[in-house]
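Visitor: So the chains spell out like this:
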Amino acid sequence: MSKMHIKMTVNGQKKELLSEPRQLLIHVLREELGLTGPHIGCETSHCGACTVEMNGKSVKSCTVFAAQADGAEVTTIEGLGNPDGLHVLQEMFKEHHGLQCGFCTPGMITRAHRLLQENPNPTEEEVRFGMAGNLCRCTGYQNIVKAILAAAAEMNSAKEAAQ
Amino acid sequence: MIPSAFEYHRPADVASAVKLLAELGDDARVLAGGHSLIPMMKLRMAELEHLVDLQAVAELKAISVEDGTVSLGAMVTQHDLIDSEELFRAAPILRETALQIADPQVRYMGTIGGNVANGDPGNDMPGLMQCLGATYVLEGPEGRREVAARDFYEAAYMTDRADDEILVQVRFAATTGGYAYEKQKRKIGDYATAAAAVLIEAEGGTVTRASIAMTNVSDTPVWSEAAADALTGTTCDDAALQAAVDAMLADIDPQEDNRGPIEFKRHLAGVILQRAIARAFQRA
Amino acid sequence: MKDFDDREERVGKLKGLGCARKRVEDARFTQGKGNYVDDVKLPGMLFGDFVRSPYAHARIKSIDATAALELPGVIAVLTAEDLKPLNLHWMPTLAGDKQMVLADGKVLFQGQEVAFVVAEDRYIAADAIELVEVDYEDLPVIVDPFEALTTDVVLREDLDTSEPGAHGPRKHHNHIFLWEEGDKTATEQAIESSEVVAEEMVYYHRTHPCPLETCGCVASMDKVNGKLTLWGTFQAPHVVRTVASLLSGIAEHDIRVISPDIGGGFGNKVGVYPGYVCAIVASIVTGKPVKWIEDRMDNLMATAFARDYWMKGRISATKEGKITGLHCHVTADHGAFDACADPTKFPAGFFHICTGSYDIPVAYVGVDGVYTNKAPGGVAYRCSFRVTEAAYFIERMIEVLAIELNMDAAELRRINFIRADQFPYHSALGWEYDSGDYHTAWDKALAAVDYEGLRKEQAERVEAFKRGETRTLLGIGLTHFTEIVGAGPVKNCDILGMGMFDSCEIRIHPTGSATARLGTISQGQGHATTFGQILASEIGISSDNITIEEGDTDTAPYGLGTYGSRSTPVAGAAAAMAGRKIRAKAQMIAAYLLEVHDGDLEWDIDRFVVKGAPDRFKTMTEIAYAAYNQAIPGLEPGLEAVSYYDPPNMTYPFGAYICVMEIDVDTGEHKIRQFYALDDCGTRINPMVIEGQVHGGLTEALAIAMGQEIAYDDLGNCKTGTLMDFFLPTAVETPHYTTDHTETPSPHHPIGAKGVGESPNVGGVPAFSNAVHDAFRAFGLRQSHMPHDHWRVWKIAHDLGLHG
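Residue numbers (the numbering used here), protein chains in the order written: chain U, 198 to 360; chain Y, 4 to 287; chain G, 754 to 1557.
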């Protein structure tokens, strides 16, 4: 099968590559673009370790073909914060012990980032429901939920201060 | 889990999509949200030569509520259904159902068209559409035709849609009265062990109209006219509830799977339906 | 006062023992900068993948790889025939059995590795797998372990029944071993002469550790320098190096094994899998690096299940509830090969910890290992070896005995707990419990949940249910568990002959920072954080200035790895001991610098101080510098130490868990209203990390008890091969946990720590399960097998006539 010319904006940078249409977005990101933050956990769209943001939606990149992502804007964990300044979610996950092995963490934080954009002031129940597409085997979620609620509070007070 | 190779197409309008399907024949499949199809392709339980992605077809993303009729383009996502206040006002049962489907990420991608057209008895929207008495609009080389959701499903993954047709729109009357979509599942992301969609209109405590449908308790969604009839004219008392459940049980045919044996599923279907009726009646 | 403040500040700066230090790993992980095995990418790397058997038991008549080899990008297709000349078509298991690397004439479970395809990338490999044609002739399938012991069907044709196995005589062609502990005759006599006897079959179903990252490796044979480098998901990298050397014939110093970041292990990544062997062979054959990464179905269907123990128990007591004896016979379903990851001499692991927290005068355990047409494994899924089975068994038997005695289960436990003054306690099955105070923990737990209030509420609920006012029952799940971790003394614990010690090497750098390397490997436990804390308190250097390294056999000292909660009890002890060696030399250096005798100095947090002259001291920073820049008479330059620690005993963490659960009688659904977990893991190194471990372990326990299983149909088809059917709870199904603790240090561990990672799995499963059972106790339920998913709970209610 022939390869397709695919253009994407990934973490703010324009990328062009040749890909088989069937190549999965997670493989494009990890293998072609060297963005190994998102991980492959279940491959059947249950675990969310591969979560990235595509056109303003949280998506499971193991269940999106490269071809579908042609023209898309994609943000991965690598696009949030930077070594000199962690994103507040990254800070709060660290602060509240919201991770252990770290394998689910990039997907968790990327998903939480979108959740807080849509619902800046969630309840604990809303966080649990909003994070239900991401599985974690280590933490039992309690500290993840705590970290996200803390990040929401932090982001809201920063917003208020800015106003 | 790697799918077999295919050619990818992204038509810009329905006409081009239909033309592509006609040209490519049996080797082509339409990709709506992909969250049923892509896992099947990765497991190589679905192998196809051509994938026709509808994401660029703007007309399929329209939501409208006009003159009491709700029209949903096939590419309206579950997330859109939840998000729309207009839809919530017109048919609140849509949001209640959509929130019980899969998980947030899947709901951003999963579409109403994909959910109803796939013919998977585990999908929730087909059952809801039975309950709503929805109409599906299909477009093929011969043009558009309409088919009642209640006539659409033939068997698991077998529907009235021809291979060269695309389900382009779902249409139904806005609802009034009480509603409930009650679903028992093993966890977030699972299909229903049993689910019931119920609409009830009542006057002075008496049911004037009802509609009842069940999900994942047969190889197709089940609209139980007899169950609804058993409620109509009653005050939803215990006897009426039991009569509705008995009527529904005569219409379903659940199979054993990891969610449990038939005996359990039949019992559960009754419990779920009773709860759905109680909630809908309370809201009526 | 000033001096006191100064000391407080100095202790704080150390970030040592007891500090809720934030994890040093997290900056990397939160930015997506972890380095897991699938992130390893080498020039020219090939990708290997397996053709797997669709049948659970079949003879292989032929394998035709012609079409696969014609596919562009396919480099090789390996079968057992190709491995035979290298004698690698079979490999030894950790349990003294052997296992096929690639199917040799027949397959014995669904998903078994049949051929290994090597291609330029994973997409081509996946296409090629479809093109390998295997002709199977199906054979009768045995999935029931009891049937396995009576059937004429021979699973393991490679074994001669008349020859003893690794653990003694085999009584049937599908029998692996009979392993016994305790005094059988005395136990039977005690039980027969007792006033009350309870008997029950307790099944702990087959499940799977299912870490979020599957297993995988990258093998790279450098033919120029003759060195093999192997990256992989290894919980015991040094053992893998030794095994790789023994199997391949490559000298051990020419093999470098690297465990990079590991995305959870939970026991799944202890064993040696065919994928590792095939990747190594493929790299040797092709001269290129070869990567093998399981997909989730491979992982669930083929690598390392856990549990699958049928435990027939008899427990006896006086009328007052004092236990007089415990008898247990286990039928252990090991699947197609005995690939249990247990210390060599313990084919049923430490199952004989099954007298639990109770002072039981006499006990007997017999375990029959059995072959079936299921995947091999039997690993310790977040527990020490078979300890979770043991804890579940005794905690169920206690509940059943309470029913028999018509007694409150909390009171029955209290009557039988080993008393604090009995430690060190010698159990009837041969263990020496190091320390404990069970009564204190128990009373604290019962008070915390208002146990009496709960029982009252429960009784009222039962009455309301009987009156038809509610359809929801209340279950109170009690557990008091005793773990046995930290394997172990080298004298009786080994893996493939390697004694189960562990190690730590410390290098203090001239400017007063340090690097320490250990023989363990974190899979999320936070070793880089907590081992630094142990060392900080030992050597007076802030943990922020200590780098912890693990997982590279070229640099780390030999160790037996991380599983069975052994890292803190064994490697943690090695760290403390190595730290003390550093301190001993530092004392000599300080004495020289201060011109006093060694004995005139005393250690004070981060410095040596002249006794009685608090203003005369040398800090560790000063001492470190001196170690490298001065010639000190009688001392070698430098400041380094290494310790290999052979623990004198195991450690015995314990805990009291209480689960309050609401159960919908009509749907079988449950809601956990409250979960209280009190853990005693001895000295607490990092409370934040401990709490995180408990949350995670409880969630795994929740999954196991309430829905997670590896299930087969009668044809040996695995019914739970994806995360659709294999239950991993989301944040929605997972309850909020309340954690608590008591602190009873281990008397033999250098810092008194016992380990905690696995306690919540060991104690959690019986707590959840007992809650389900307890909800139905008033209606006559004695025993119902896990997992307690909706339909099985519904079935309990149905069988008890609660559906009218």
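Careful, some of the hints might be misleading.
Each computed EDC-like pair below joins lysine to aspartate or glutamate, with the alpha-carbon atoms no more than 16 Å apart [to be verified]:
#1 Lys22(Y) - Glu145(Y)
#2 Lys188(Y) - Glu953(G)
#3 Lys766(G) - Asp1297(G)
#4 Lys1472(G) - Glu145(Y)
Hint data in this document are derived by calculation from the structure and do not stem from the laboratory.
Source: prediction; values computed, not measured.
Visitor: Hinted pair, alpha-carbon criterion (16 Å max): Lys188(Y), Glu953(G). Please report holds or violated.
Guide: violated, 32 Å
Visitor: Below or equal to 16 Å on CA atoms is what counts here, so check Lys22(Y) against Glu145(Y).
Guide: Cα-Cα ~11 Å, so holds.
Visitor: Measure nothing beyond the straight line between the CA atoms of Lys766(G) and Asp1297(G); if it is 16 Å or shorter, mark the hint as holding.
Guide: holds, 9 Å
Visitor: Measure nothing beyond the straight line between the CA atoms of Lys1472(G) and Glu145(Y); if it is 16 Å or shorter, mark the hint as holding.
Guide: Outside the cut-off at roughly 44 Å; violated.
This entry does not satisfy hints 2 and 4, going by the numbered hints stated previously.
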